[in-house]
Amino acid sequence: MAAGGGPDVFLVSVSGEIESGQFPGLDELYCKFCFVYGQDWVPTAGLEEGISQIACRSDAAAAALVWNLPLDITFKSTNPWGWPQIVLSVYGPDVFGHDVVRGYGAVHVPIEPGRHIRTLPMFVPESTSRLQKFTSWFTGRRPEFTDPRVVAQGEGREVTRVRSQGFVTISFNVVTKDMTKLGYEVTPSDMESHSMSVTEGIHNY
Amino acid sequence: MSEYDSIHGEKSRSRRASRTGSGSQDPPLSFCLPPVPSASRTGFAEFSVRERMREKLKAARVSIQNDFPSAEEAYKFFTFDFDSEAERKKTGIKKRNELNHEEEEAEEEDAETHEEGQEEDETVRTKMPENMQPRFLEDEGLYTGERPFVSPSNLNILENRILRQERGKEWFGDDGKILALPNPIKQSLTRPPIFSLEEGIEPELETLYRKAIKVTAANQYLVGSGDFQGPFQLDIDISGLIFTHHPCFSREHVLAAKLAQLYDQYLARKQKNLTTLLTDKLHALRNAVQCSIEGGDAAAPKPIAQQSIPEYKMEIRQTRRLRDAEQEKDRTLLKAIIKVWKEMKSLRDFQKFTNTPMKLYLRKEEVDQRLDEKAYEAEIQDEINELLEEYREEYEKKMEEYKAELQEWKSWKRAQSKKKKKKKDLREEEESIDESDLGEEPVKPVPPKMVNSLEIEQQVREKVDSFRRKPGEPVLIPELVLSGSITPSELCPRAEVLRREDVKKRSSFIKVLFNSKEVSRTVTRPISSDFRVHFGQIFNLQIFNWPESLKLQIYETTGISSTTLLAELFLPVPETTVLTGSAPIEEIEFSSNQRVMLDHEGVGSGVSFSFEADGSNKMTLMTSGKVSNSVSWAVGEKGVPLIPPVAQQNTGIASALKSIDAIASIGTSGLTDMKKLAKWAAETKLDPNDPNNAALMQLITVATSGEARVPDFFRLEQLQQEFNFVTDEELDRSKRFRLLQLRNAEVAEFRNYKEVPLHEREISEKIFQDYEKRLRERDVVDSKHYLDARRAVVANYLQKVRESVINRFLVAKHHFLLSDLVNEEEIPSLGSEGPGILGLGIFKLAEPKRPLKPRRKERKKVTAQNLSDGDIKLLVNIIRAYDIPVRKAVSKLQQPSKHSRSFNEMFTASPSAQSPGENIDWVLNQVLVRPFVEVSFQRTVCRTTTAEGPNPNWNEELELPFRAPNGDYSSHSLQSVKDEVFINLFDEVLYDVGEDDHERGSGIHTRVERHWLGCVKIPFTTIYFQARIDGTFKVDIPPVLLGYSKEKNLGNDRGYDSVRNLSEGSYITLFITIEPQLIPGESVREKMNEMLKKFDTQEDEKLLQAAEKYEAECTSKFPSRQCLTTVIDLSGKSVFITRYIKPLNPPQELLDAHPNSSQITAELVARYVALIPFLPDSVSFAGICDLWSTSDQFLHLLAGDEEEHAVLLCNYFLGMGKKAWLIIGNAIPEGATAYVLTLEQNQYAIWNPSTGCFYGQFDTFCPLKNVYCLISCDNIWFNIQEYDSPVRINFDTSKAKLWKSFFSRSSPYPGLSSIQPEELIYQPSDKAAVVELQGRIEKILKEKIMEWRPRHLTRWNRYCTSTLRHFLPLLEQNRGKDVEDDHQAELQKQLGDYRVSGFPIHMPFSEVGPLIEAVHSTGVHTIDIPSVEFALAVYVHAYPQNVLSVWVYVASLVRNR
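The listed protein sequences derive, respectively, from chains A and B.
Letter 180 of the first sequence, counting from 1, is numbered 179 in numbering that gives the first Met the number 0, and no numbers are missing.
Letter 96 of the second sequence, counting from 1, is numbered 95 in numbering that gives the first Met the number 0, and no numbers are missing.
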């Protein structure tokens, strides 16, 4: 806080959890997450990176791998540019027991305060040739991104080919502070109509 | 009015009908629900009503605009009663207007009794919520827009479907119709139509001519003062082409061409008029002779006159002969003309048609017969007399000769007769001998005959008759005119017609080639029947360099398809004085050796033909002709000729584009007439409520209100301002915005700036200060840091080049390859190491865990981008050193009494153990030196333990952290790291500080001092690119180390292998690598190379192709060996490498220094080259562009890397008459580099151009490890031997099995011109400036040393300083050799009381920074004895062209007590 009144940073606090993943045909997966943010962002509290336990499928909840890995991080920033993104990468054993990557995905932390649920489609890079595909399957060294953070940037993605793998569901609870004071309006302008529709919904039911 | 009323009534009725009938409000007539009985009528009526309504609205609005409406007006407005007309309306209508809608509706229902209307109303009601009446918004003056057309049946279906749904009525508007947005389709075109100038081409596809502009990127490397000079212009005017022979020439044409040629000759001769000239001369001479003879008679014969007469006579004879020859030529020419003309006439008669308009007239000029005869006769007489005289003289001369010969003959005869008598007996042999003798027998001389005067007269007359006009014969003057008529084709025979048609089919054009590249070509023009082609085209060539060649190529096209090259002709590059406007038209002849045979009258080319019917007298003609052209330099606007300087030095081209204002080109368009626009808007009755027209309406209201003036500019997006949330000025002023912009542009200072403050007030101006300063100083030369204005300029220039290269990089950095993003295993090959196949993996399990012979495992490479501080470590393994200088015992010998306090105190501490008498014993016990190594990198220092002896073995690994600049670990950033690894060798010396002997008994007080011995510097980039550095390096030891000497001087040779002892100096074995291993940014390099290849070049395409092929062949055989054929010069063009090699003159001063020893001179030259500061462009250009500057550019810049040094040295050696080659190879520690190879007395010597050292071919310590190719001024040889180590290869390039040459017998060297200057011009260095520089360096260094010792007082010993200063020039003179002992003794004598430790440092001078760094790295300042004094002396020696050699002598002195 500047001495001369008024805030000079705004804060974005994100809590939530990586709830579950749906990877048909795959089991015993774990996931890693990290946050990618712009140069004007600084995490003030919480974990920037994390790794989950290995989750197995159960008979009860069909096809869902539940991690329930909590997220809790607070950023301060001076600039909405470079809004934080969460990057997920999911790993698990293949038929030979090698630990291989099962999916990459990224999503921006919702800018709107409130509770949000996001479903991330996950993907993995493809081998460049059929022979390589076979050998990589055989040796358990499948193509990986040099850095999982690649999926959070747009630059250079045109040279890659990916295959989609499954979905991960994340819930976010976002709290912001001082954004309105600093002139950033993040609540949607049709908030009223939104609330109206909610009331209408209530009427309907 | 009643009429109007009735119409009005009609209208309102029909309106009602339409509303109920169709339920539509808008004009689309078809948009109504079926069935509509009176569509057209209804439509029309409704339209007019709408129009009226609008007018009323408008009127109302205008009245509102003017002033506030009165209550009554307001009432009227809301009751739709706007004007006075309303009063005259029928009351019924008024009433209706007054009614509310429900009533109206009800009334309508009553009044109009359409069945459909009823039904329609019913349907409307079903669509409306109950108890609601339809509302018509348009009637209320609200804008509704035009509905899109939907066919009624579809609409019905849709409505019914919706109505069936729950809450379906929500889909219907107040008027009971489906909600719909206005029709988005506009009725008219909004884009202005484009009219094409050319017919048949789509206007969109029409091409526009844009003047070519020079790309700025390509010329950013140009050396020069930067003043704008180019582009230059060469005007080539090609006016026409005349064939003197062409395959389509008919016989008549051949004759005509001949005739024309003869006639031209005749005209030329006539103009010269040699005959008359010579005749006049003859007369004058005769007169002169006459005069002198007569004069001689009158007075006493003067000897001079007498002498001159024979001379005159000689001249007369000569002149006469010349005149006769000329006359004969004239005569024969005239005869030939007449003959050809006659032939032509006969030919025309024979073939019965005429092809050429040529006609020859012979004009006769009558002469006075009597006078003529007289002159003729006089002439003959004169000639006869002269001839007689001549013959007489000749006769006399011959007579003399005859007599002499006769005498000889007679004597011979006599001898012969004697011989004959002797040999009478041997008859048979005699014959043969006789025969042989006969050959030798001199012919009996014949006495000369006196010529008869009559004979002579006969001769003269005959001769004169043959070629001189007879007296009285008229003078014939031929005149060639082109007035003849050509027989029209109809009257010609078939063959001729064919020929003429063939000619018509042919056309020709000329290509203009500049430096063997086509730049333009003329239009194709048909060849006219007289075989002339008129072009009349002027080509303006904008050029940047002095042209190498200008060439025209003449092409002929026959019919549609075939184009043949007739001939090439070279135009001379005009002199610089030849300017456009004053250049004469020149005719340049050409001829072609093409062979053409034609099947018609045309005689063909290269084919023999004959004029005679019998085919005799054959002749063969080749296609030939003349091109009339002129080449000149254009004159610029200010009358300055646009001529490039002949020397290629200063072709600096700044961007001409910068001066062009981008706005001006847009702003020039004319402004729109607002009034007209308003009028048009009023006339077309635009709907003011239509959002499509909003912009226009606003504009019109602004314009028509009169207060806003018409802006005098045109704005493309007039609403842009609405979207600007702040003004541009404010945006510019915003510091935050600026910071963000700069960061986004990746400007170096802000590239990694974090957390841009949110408020303006938190951004301090300081942030920009550095950046702005840099921008300002870009052009301002700051001499403070460089101490030398010229160097500052150069540094500035290099900075600019560097920036532009870096900017290119930033572009390249954003191109990604798959490997940058995805880690993928390569396909493993069978049996390979590494991951292998599963089966092999099993074998691996069986391997012993710690094999006896471990194999090196490839380390995993890490891409640089996901690294952060502290991840990278530099591992330096110090293994051992050889031949380290050892301490000298001199001081001990000199001061034997004080030996216990000398620097050997530690080891002689117990006096009992040492007896002064046993000297040998002492030597053996003596520890000669206790060296240790200190490695400093990025100001982090690590040291080894102390070892002992001159050949220590440490074998220690030191680990130094590496920090990338700005925490940026991307490969391009790592490539530009400028830091060096300093490996310093020190001697650890222990001193006892105990004051008394009794103290010594109780405890040991020693002080550790370290003495710098030498260092090795290795740039980080080398380690980065090489991945690991492993080898033995020569330690850079100062020429003088006080108190130290080389081991062998002590006579303690322990018998090391002789090779090492041969070479001087100390060596250290190192192994350096980076952990983890980084992947050098090869991908960027490749990308860059691709970019560089796009640079233009002046090389011939063929050569470039050959070079590419050669390179491909070489690298396919030896992929690890680099093959260099083309390199990039400073202007960014690729240049064939041999053009760099050319003998050049070294400075005369160096050659004169040691005139009798070529070896010393060569070393001196090498030293001179090595003194030119070294600037690796792998650092400045981030390892990608290896730019090669020419030697003069190099000397001008005074900075360059190995290649420039090598090229200069090689050129110097060639200039000195040595055999020299450039070696492209690999050396430690520089990596890929260039060395120089010379052949000295049947031995090859390898020169390191950046140190000036040379090595024999078999020197094991030669830093050059691999030889890839050799380059001379006319060839390139690639090493195709099995080995590439210089020790193991043969340098004999003539062996084709060992060296693959670029130019060979099959493709010989084309004689490429060198890009080096003719001669290097050296400017003598400014002595005064050098002295000043010397003083300044000394001052700066002294200040620095004091700065480094903040806690101690730094005293300077002036006496010592002056002594040292005295020594330095001596060192320079001896190049640091063989002075040690004298020096030492001298210094000891003068500073007897002090213990001096110090040494001179020698460096080439570029800037002060490295000097400071070097002094700092020696650690002299680290001594902290309280009574220490320092001495520092600087000497700068200037070589020509401002090459400076700097000596810094730094020493610390401790007074001996």
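I should point out that these hints are in silico values taken from the structure, not numbers from a laboratory.
Incorrect hints may have been included.
[As the list claims (entries may be wrong)] Here are the simulated lysine-lysine pairs, BS3-like style, with alpha carbons at most 25 Å apart:
1. B:977 x B:1033
2. B:734 x A:75
3. B:1108 x A:75
### Message
Between the alpha carbons of residue 734 (chain B) and residue 75 (chain A), is the straight-line distance 25 Å or under?
### Response
holds, 21 Å
### Query
Given the proposed pairing of residue 1108 (chain B) with residue 75 (chain A), does the C-alpha separation stay at or below 25 Å?
violated, 59 Å
### Query
Does the structure keep residue 977 (chain B) and residue 1033 (chain B) at a Cα separation of 25 Å or less?
Holds, because 22 Å separates the two Cα atoms, which is no more than 25 Å.
Comparing the model with each numbered hint stated earlier shows that hint 3 is the single one that does not hold.
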